[in-house]
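Asker: Single-letter residue listing:
Number of protein chains: 2
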Amino acid sequence: MNNNNLKLSNILMAQLNPISGDVEYNKNKAIEAIKKAKEKKVNLVVFPELFLIGYPIGDILTRYPYIAKQAKKALDEIANHCKDIAVLIGYPEINTDKFGKPYYNSVALIKDEKIIKSIRKSLLPTYCEHNDYRYFEPWVDEFESRIFTLNGVNYGVIICEDGWNDFDFFEKNLYKVDPIKEIIEDIDVLICPSASCTRAKKEQLKHNMMKHCAKKHSIKYIYVNQVGANDELVYDGLSRMYDEKGELTAMAKPFEEDLAIVNLCDGGKINPLPKGLELTLNSQKEFSLDHKPDLERTYKAIITAIKDYFNKNGFKQAALGLSGGLDSTICAVLLADALGAQNVYGISMPSKLTSNESKNDAKELANNLGINFLEIPIKDMFDLIKDKFSGMFDEISKNWCNRYTNSYTNDNIQARSRAMILWGIANEFGALPIATSDKSELYMGYATINGDMSGGYAPISDVVKTKLFALARWMNENRERKNAIPVSIINKPPGAELAIDPKTGKTLLAEDALMPYEFLDEVIWRIENLNQSKDNMLEQEFLYEKKNKIDKNTKLNWLNKFFKRLNTALYKWYIVPPGPIIDGRSINKTEYKQPIISNIDYSN
Amino acid sequence: MNNNNLKLSNILMAQLNPISGDVEYNKNKAIEAIKKAKEKKVNLVVFPELFLIGYPIGDILTRYPYIAKQAKKALDEIANHCKDIAVLIGYPEINTDKFGKPYYNSVALIKDEKIIKSIRKSLLPTYCEHNDYRYFEPWVDEFESRIFTLNGVNYGVIICEDGWNDFDFFEKNLYKVDPIKEIIEDIDVLICPSASCTRAKKEQLKHNMMKHCAKKHSIKYIYVNQVGANDELVYDGLSRMYDEKGELTAMAKPFEEDLAIVNLCDGGKINPLPKGLELTLNSQKEFSLDHKPDLERTYKAIITAIKDYFNKNGFKQAALGLSGGLDSTICAVLLADALGAQNVYGISMPSKLTSNESKNDAKELANNLGINFLEIPIKDMFDLIKDKFSGMFDEISKNWCNRYTNSYTNDNIQARSRAMILWGIANEFGALPIATSDKSELYMGYATINGDMSGGYAPISDVVKTKLFALARWMNENRERKNAIPVSIINKPPGAELAIDPKTGKTLLAEDALMPYEFLDEVIWRIENLNQSKDNMLEQEFLYEKKNKIDKNTKLNWLNKFFKRLNTALYKWYIVPPGPIIDGRSINKTEYKQPIISNIDYSN
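So the protein sequences, as listed, match chains B and F.
All residue numbers for the first sequence refer to our numbering, where the first residue is 1 and numbers rise by one.
All residue numbers for the second sequence refer to our numbering, where the first residue is 1 and numbers rise by one.
Any given hint could turn out to be false.
Said to hold, decoys possible - In silico BS3-like pairs for lysine-lysine, Cα to Cα no more than 25 Å straight-line:
no.: 1; chain 1: F; residue 1: Lys216; chain 2: F; residue 2: Lys172
no.: 2; chain 1: B; residue 1: Lys386; chain 2: F; residue 2: Lys72
no.: 3; chain 1: B; residue 1: Lys201; chain 2: B; residue 2: Lys275
no.: 4; chain 1: F; residue 1: Lys38; chain 2: F; residue 2: Lys253
no.: 5; chain 1: F; residue 1: Lys72; chain 2: B; residue 2: Lys172
no.: 6; chain 1: F; residue 1: Lys69; chain 2: F; residue 2: Lys111
no.: 7; chain 1: B; residue 1: Lys388; chain 2: F; residue 2: Lys482
no.: 8; chain 1: B; residue 1: Lys176; chain 2: F; residue 2: Lys176
no.: 9; chain 1: B; residue 1: Lys307; chain 2: F; residue 2: Lys176
no.: 10; chain 1: B; residue 1: Lys98; chain 2: B; residue 2: Lys41
no.: 11; chain 1: F; residue 1: Lys176; chain 2: B; residue 2: Lys98
no.: 12; chain 1: B; residue 1: Lys72; chain 2: F; residue 2: Lys172
no.: 13; chain 1: F; residue 1: Lys379; chain 2: B; residue 2: Lys388
no.: 14; chain 1: F; residue 1: Lys69; chain 2: B; residue 2: Lys285
no.: 15; chain 1: B; residue 1: Lys386; chain 2: F; residue 2: Lys379
no.: 16; chain 1: F; residue 1: Lys98; chain 2: B; residue 2: Lys201
no.: 17; chain 1: F; residue 1: Lys202; chain 2: B; residue 2: Lys98
no.: 18; chain 1: B; residue 1: Lys98; chain 2: F; residue 2: Lys216
no.: 19; chain 1: B; residue 1: Lys38; chain 2: B; residue 2: Lys83
Said to hold, decoys possible - With beta-carbon atoms standing in for the labels, derived distance ranges:
no.: 20; chain 1: B; residue 1: Glu142; chain 2: F; residue 2: Lys114; range: 44 to 50 Å
no.: 21; chain 1: B; residue 1: Lys35; chain 2: F; residue 2: Thr96; range: 50 to 56 Å
no.: 22; chain 1: B; residue 1: Ile184; chain 2: F; residue 2: Gly314; range: 52 to 58 Å
no.: 23; chain 1: B; residue 1: Ser355; chain 2: F; residue 2: Phe99; range: 54 to 60 Å
no.: 24; chain 1: F; residue 1: Arg479; chain 2: B; residue 2: Tyr404; range: 31 to 37 Å
no.: 25; chain 1: B; residue 1: Glu278; chain 2: F; residue 2: Asp76; range: 44 to 50 Å
no.: 26; chain 1: F; residue 1: Val487; chain 2: B; residue 2: Ser355; range: 56 to 62 Å
no.: 27; chain 1: B; residue 1: Glu142; chain 2: F; residue 2: Phe99; range: 54 to 60 Å
no.: 28; chain 1: F; residue 1: Lys564; chain 2: B; residue 2: Glu511; range: 46 to 52 Å
no.: 29; chain 1: B; residue 1: Asn557; chain 2: F; residue 2: Lys114; range: 39 to 45 Å
no.: 30; chain 1: B; residue 1: Pro65; chain 2: F; residue 2: Asn151; range: 46 to 52 Å
no.: 31; chain 1: F; residue 1: Val487; chain 2: B; residue 2: Pro65; range: 42 to 48 Å
Hints in this document: simulated from the structure, not taken from any laboratory.
Glycine is no exception: its CB is placed at the ideal position from the N, C-alpha and C atoms.
Work out the full structure: start from the sequences and follow the hints.
Answerer: The following block contains the structure:
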C-alpha cells in the first residue's frame with residue numbers, strides 16, 4: 001500500500017434512509033448519491049447492508065419473491081451510472097443451487113458500469129430483532145471473494161454481523177469463523193456495510209469492538225450504517241472510519257441522512273455523538289437511576305421513529321388524549337417536535353374523577369407546545385354505558401355466577417370512551433391516534449385494552465417510567481422552548497385517575513396499585529440485562545433497598561405481584577401497537593416473542 | 001436384527017399435550033406415562049420433541065435461562081422412574097462451549113435410571129412458525145451418537161426437521177446434510193420425536209415423505225408428535241409407524257392425547273385420519289372451492305385450539321357478539337362445542353341498521369346451540385356518541401382542514417360500541433371476548449380496530465370466507481345436533497350492516513365493498529401458495545372467471561383494490577389477537593412478519 005494511493009482514495013459513506021421493500025425508491029436514492037459522489041471526485045461509494053430493500057425486511061422476500069428480481073434489475077440500472085466510479089451496494093441475491101436458503105445477503109461490487117461480483121454475508125444474526133437465517137444462506141467458503149483492489153488499495157468487505165465475532169474481544173462467540181481473520185492478511189482497508197439499529201449501551205460496545213479490530217489488525221476500518229426508522233427499528237447512522245491505531249478519523253451524523261466523504265489518508269469530518277452517549281458503558285452491569293447519559297439518544301431516536309412512521313405510511317397528523325399525566329405529556333412533546341405542533345391535536349377528556357389540576361395541566365401543556373387543544377368531557381358516555389351495563393350484568397348473572405365483587409369495569413369504561421373519541425377523530429380526519437403506554441406499565445399489564453393501550457403507534461412503549469421522568473426534565477432544559485412541561489406534571493405521583501382508593505378516598509396512585517417505580521424498573525432491568533430469576537432478585541440488594549428501608553416480606557410481595565401481573569400482561573404485549581425499540585432489550589414484538597400460554601416457574 | 005427381538009419390543013408413543021415453559025407440569029405428565037408404560041410391559045417410551053418445555057417456546061429460553069436448568073433437574077427426576085425401561089425425551093440442553101448458540105435441541109436417552117446420552121438435532125428449521133436457529137446450535141458431527149441398541153434392536157434417532165431433507169424426495173433441499181443417510185446403514189428402526197403443527201395439505205406431504213423414507217431405506221419408521229395447542233399452533237398428534245415396505249402399521253389418534261403402544265413386529269392400532277384428509281394433496285397446485293376434504297381437520301383443529309387456549313390460560317367462559325352473520329355464527333358453534341354451551345354468551349347488539357332477519361337469526365342460532373343469549377340494542381350509545389362527535393368534529397375542522405366527506409366514522413362507532421359491551425362483560429365476569437374476523441376480511445383490513453377485530457382470541461382468523469361457508473354446511477350435517485345454523489344465515493350474502501349502500505338504499509354488502517369472495521380467496525391462495533405477483537394473476541385465468549364473465553378491466557380493478565387494501569391492512573395484522581393457524585400459509589403473527597412500512601411494488 002502506498003500513501004499516494006491512499007491520498008487519492010475518497011470514499012463516500014452513503015448513510016441513507018431506505019423504505020422497506022420499496023426497491024424503486026431506494027434505487028433512486030442510490031443513483032442520486034452516486035451522481036453527487038461523481039461531482040465530488042469520489043472513487044468508491046458504499047451503501048448500507050441490503051440497501052435496495054431496506055431493513056427490516058420481514059418475510060417479504062419469501063412471500064413476494066419477485067422483489068429479488070426487482071432488486072437485480074435496479075442493480076443493472078445503477079451500474080449504468082457507474083462510469084469512473086466504484087460502488088458497493090447491498091441487495092438480496094438469489095441462490096440458484098439445489099441446497100440452501102433461497103437468498104444470500106449480498107453486496108454487489110459495481111465498477112466500469114459492470115457488476116463485477118457479489119460478496120456474501122457469512123454470519124447470519126438470528127436473535128432479538130435479527131432474523132437473517134430465516135431467508136439467507138450463510139457463505140463460509142472462498143473468503144478471498146471478499147477482496148478487491150481499487151487504485152492500488154486492497155479492500156476487504158464484511159457485512160454487519162461478519163464483524164461481530166472477534167475471538168479475543170468476545171468471551172463467547174456465536175460462530176466458529178471470524179471472516180475478518182480470514183482476509184486480513186491481504187487487505188489494507190476493511191469495509192463494513194451495515195444495518196445496525198440503535199439500542200441502549202450499544203454504541204459503546206460497537207465503538208470498542210471496531211477500535212479493537214482496527215488496532216489489533218493495524219487496518220483502516222470503514223463502517224457504513226443505515227439511518228432512519230422502519231416500524232419498530234431505528235437506525236442511528238453514525239457511519240465512521242478508524243485508522244490503523246484504532247483512532248476515530250471520521251463520523252457521520254447521528255439519526256440523519258449524511259453523504260459523508262472520507263479520505264483514506266486524511267479521514268473526514270467527525271460529527272459528535274448524541275450527548276452523554278460516550279458515558280453509557282460505565283455502569284453496564286449495574287442498575288442505575290441516572291438516565292442522563294442516554295437521554296439525547298432516546299429523544300432523537302423516538303423523534304426519528306415518529307417522523308418516519310408517519311411520513312413513510314402517509315400520515316401527517318396525530319391525535320392523543322392529554323390526561324395531565326406524565327406519559328401523555330411526553331408523547332405530546334415528542335409528537336409536536338416530530339410532526340410540528342399544528343399537526344397534533346391534544347384532547348383532554350375528563351371524567352368526574354379527573355382533578356382540576358390535571359385538567360389545567362393538560363391545557364397549559366398544550367398551550368406551551370402550541371398544539372391544538374380541545375376539552376371533551378366523557379361524563380355523558382360514562383354515565384350512559386355504566387347504566388346500560390348495570391342492567392345487562394344483572395341479567396347475565398342469572399346464568400353466570402362468577403361476577404367479580406371488585407371489577408375494573410368502570411375504570412375501563414373511561415379509558416375505552418377516550419379511545420373511542422380518538423379513533424373517531426382518526427376516522428374523520430385521517431389522523432393517527434397515539435397509544436401512550438410506557439414500558440414499566442406494559443410489563444405490568446397496567447393499560448386498558450381498546451383504551452390507552454390502543455393507537456396507531458406507541459412512541460414510549462420501550463421507555464421505563466423512571467427514565468420518562470428524567471426525559472421530561474431533560475426536554476424542559478434542552479428544547480428551544482424551555483420548560484414547556486408544567487413542573488406540576490413532573491412532580492405529581494402517577495395515577496390513571498380511573499378509580500378511587502378506598503384507603504385514601506382519593507384517586508388511586510399507580511405506585512399503590514403496583515409498586516414503587518424505582519423498584520419496578522430495576523426488576524425489569526434485571527430480567528432484561530441479567531436474566532435473573534425471582535430467587536436471584538431476592539438474594540441481591542436493589543438500589544431501592546439502599547435508599548429505603550423495606551422488609552424482606554414487602555420485597556417478596558412486590559416480586560410475586562410483578563411475576564403474576566407479567567403473566568397476564570403477555571396477551572397485551574401481543575396486541576400492543578408498534579413503537580420504537582429504544583432500550584437494550586425490549587418486549588416489542590419485532591424483538592421479543594413469548595407464548596401467551598407459558599406457565600413459567602420464575603422462582604429459579 | 002432378529003424377529004424375536006422385534007416381537008419382544010413394545011414402544012409407547014407418548015403423544016401428549018404439554019404447556020409451553022411449564023417444566024413441572026410436563027415432567028409430571030411424562031412420569032405418569034412412564035408408569036403406565038411399565039404396567040403394559042413397554043421397553044421404550046418416546047416423547048415428542050423438546051417435550052419438557054413444549055412447543056412453541058418463543059424466547060423463553062433466552063430470557064429465562066434457568067428454565068433449561070429446571071429441565072435438567074426434571075430429567076434427573078424422570079431417570080429415577082426408569083428402572084427396566086428406556087425413555088427418549090426432548091429437552092433443551094445447555095451448550096457449554098465457547099462457540100455457538102446457548103442450547104442444543106436434544107433428546108435424552110434414559111436407561112437403568114441413568115441419562116445415557118443426549119442426541120442433538122442437526123437441521124434447525126427457521127422459517128414460517130419455526131425459529132429453531134434463534135436458540136439452538138446445529139449438531140452436524142458424530143452422527144453415530146444418534147444410535148443406540150436395546151434388546152438386540154438398533155435404533156437411530158432423528159429429531160423432527162432432521163427427517164425432512166431427503167435428497168430424492170425434495171426437489172430443493174434447505175440443508176446439505178441428510179442425517180438419516182448418515183446413520184441408516186447401522187440401524188433397524190428410525191425414531192423421530194417431533195413437534196409438527198397441523199396445516200392444510202401437510203398431512204399428505206408428511207405421509208408421503210415418511211413412507212418414501214421407510215421404503216427407500218427398508219426400515220421401520222416411528223414418528224411421535226406433540227398434540228394439543230399453545231397459542232396459535234395446533235398439533236394434530238397422529239403419531240405413527242411405517243414398516244420396511246413403507247406401509248402404515250400404526251397411527252395414534254388425531255388431536256387427542258394418546259398413549260399408543262406399537263410392537264415392532266406386529267404394529268399397533270391404526271386410528272383414522274380426520275375424514276377427507278387423504279384427498280387433500282390432489283389439487284395441491286390448483287385453487288379449488290371444494291373445501292370438503294379439509295373440513296373435519298379444520299373443525300377439530302379449531303376446537304382443540306379454543307379448548308387449550310381457554311384451559312391453559314385459566315378461562316372458562318366466552319362472550320361474543322351475534323350479528324346473525326356467518327363469522328359470528330361459526331364462532332358461536334365452535335365455542336359451544338369447545339367450551340360447552342353453558343359457558344358461551346351470545347349477545348345480539350342491533351343498531352338501527354340491523355335487519356329483523358339478522359336479529360331473528362341470531363336468536364334462533366343461540367336457541368339451537370343452547371348458549372346463553374341477550375339482546376342489547378346499541379342505539380342509545382350510537383346516538384349519544386354520534387351527536388357528541390358532531391360538535392367535536394366541527395370544532396376540530398376549524399384547525400384541521402382535511403375532514404373526509406365520506407368517512408367510516410359512523411360505521412365504526414357501531415362496531416366499537418359492541419366491543420365496549422363485550423369487554424365490559426369480560427371485566428365483570430372474567431369471560432374472554434371473541435374476535436370474529438375471518439382471513440379473507442383481515443387480508444382486506446375489512447374489520448374495525450377496537451371493534452369486531454378485538455377480543456381475547458380470534459378462532460377463524462386463518463380461515464377464508466368460502467371455506468367458512470363450507471364449514472357451516474359441514475357442521476350442520478356432522479354435529480350431533482343437525483342444522484343448528486339457520487339456513488338463512490348461510491344463504492344470505494355477507495355484509496356488516498354498518499352502512500347504507502347509496503346505490504341500493506339497503507345495507508352495504510361485503511362483496512360490493514370488496515369483491516366477490518370466490519375471487520378474493522383465490523387471490524389470497526395465489527399469494528400464499530404460488531407467491532404470484534399482480535401481473536402473474538392478470539395473465540392467468542381464475543376459477544371465478546371460468547364460471548362468470550368478467551372483463552379484464554374488472555379483474556384489474558379488483559386486483560388493484562386488493563393490493564391497495566392489503567397495504568393498509570398490515571397494521572391490523574400487527575394488532576389482531578392470536579388465533580389458530582389452520583391454512584397452508586397464514587398472516588398470523590406466529591408465522592408471518594411483514595413490516596407495516598413496506599411499499600412493495602406488487603405488480604411484478
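Asker: All hints, please: hold or fail.
Answerer: Against the structure, the hints:
1. Only pairs whose Cα atoms come within 25 Å are accepted, and Lys216(F) paired with Lys172(F) is accepted, the gap being roughly 18 Å.
2. In summary, the hint linking Lys386(B) to Lys72(F) is not supported, as the alpha carbons are separated by about 52 Å, beyond the 25 Å threshold.
3. Under the criterion of a C-alpha separation no larger than 25 Å, the hint pairing Lys201(B) with Lys275(B) is consistent with the structure, at around 13 Å.
4. Distance restraint check for Lys38(F) and Lys253(F): the Cα-Cα separation of roughly 21 Å lies within the 25 Å cut-off, and the hinted pair is therefore satisfied.
5. For the suggested pair Lys72(F) and Lys172(B), the alpha carbons sit about 22 Å apart, so the restraint of at most 25 Å is met.
6. Pair hint Lys69(F) plus Lys111(F) holds up; C-alpha atoms about 21 Å apart against a cutoff of 25 Å.
7. For the hint pairing Lys388(B) with Lys482(F), the CA-to-CA distance comes to about 36 Å; that exceeds 25 Å, so the pair is violated.
8. Using a Cα cut-off of 25 Å, the hinted pair Lys176(B) and Lys176(F) holds, with the two alpha carbons roughly 18 Å apart.
9. Of the supplied pair hints, the one linking Lys307(B) and Lys176(F) is violated, its CA atoms being roughly 45 Å apart against a limit of 25 Å.
10. Taking the CA atoms of Lys98(B) and Lys41(B), the gap is about 43 Å. The hint is violated against a cut of 25 Å.
11. For the hint pairing Lys176(F) with Lys98(B), the CA-to-CA distance comes to about 9 Å; that is within 25 Å, so the pair holds.
12. For the suggested pair Lys72(B) and Lys172(F), the alpha carbons sit about 22 Å apart, so the restraint of at most 25 Å is met.
13. Note on Lys379(F) and Lys388(B): the hinted pairing holds, with a Cα-Cα distance of about 11 Å set against a maximum of 25 Å.
14. For the hint linking Lys69(F) to Lys285(B), the alpha-carbon distance of about 23 Å falls within 25 Å, and the restraint holds.
15. Our distance criterion of 25 Å between C-alpha atoms is met by Lys386(B) and Lys379(F), whose separation comes to about 15 Å.
16. Proposed proximity of Lys98(F) and Lys201(B) is supported: the alpha carbons are some 23 Å apart, at most 25 Å.
17. About 22 Å separates the Cα atoms of Lys202(F) and Lys98(B), which keeps this hinted pair within 25 Å; it holds.
18. For the suggested pair Lys98(B) and Lys216(F), the alpha carbons sit about 21 Å apart, so the restraint of at most 25 Å is met.
19. Taking the CA atoms of Lys38(B) and Lys83(B), the gap is near 9 Å; set against the 25 Å cutoff, the hint holds.
20. Take Glu142(B) and Lys114(F): their Cβ atoms lie about 46 Å apart, and the range 44 to 50 Å holds.
21. Take Lys35(B) and Thr96(F): their Cβ atoms lie about 54 Å apart, and the range 50 to 56 Å holds.
22. For the pair Ile184(B) and Gly314(F), the supplied restraint of 52 to 58 Å holds, since their beta-carbon distance comes to about 57 Å.
23. Taking 54 to 60 Å as the suggested C-beta distance range, the pair Ser355(B) and Phe99(F) conforms, at roughly 59 Å.
24. At about 34 Å, the CB distance of Arg479(F) to Tyr404(B) agrees with the hint of 31 to 37 Å.
25. Remark: the range hint 44 to 50 Å for Glu278(B) to Asp76(F) is upheld by a beta-carbon distance near 48 Å.
26. One distance hint, 56 to 62 Å for the beta-carbon pair Val487(F) and Ser355(B), holds here, with the actual separation near 57 Å.
27. Range check, Glu142(B) to Phe99(F): Cβ separation about 22 Å, and the 54 to 60 Å hint is violated.
28. Taken as a hint, the range 46 to 52 Å holds for the pair Lys564(F) and Glu511(B), whose Cβ atoms sit roughly 47 Å apart.
29. Between Asn557(B) and Lys114(F) the beta carbons are some 42 Å apart, a value that agrees with the proposed interval 39 to 45 Å.
30. A beta carbon spacing of about 50 Å between Pro65(B) and Asn151(F) agrees with the range 46 to 52 Å that was offered as a hint.
31. Roughly 43 Å separates the CB atoms of Val487(F) and Pro65(B), a value that falls within the hinted 42 to 48 Å.
Violated hints, listed in ascending order, are 2, 7, 9, 10 and 27; each of the other numbered hints is respected by the structure.
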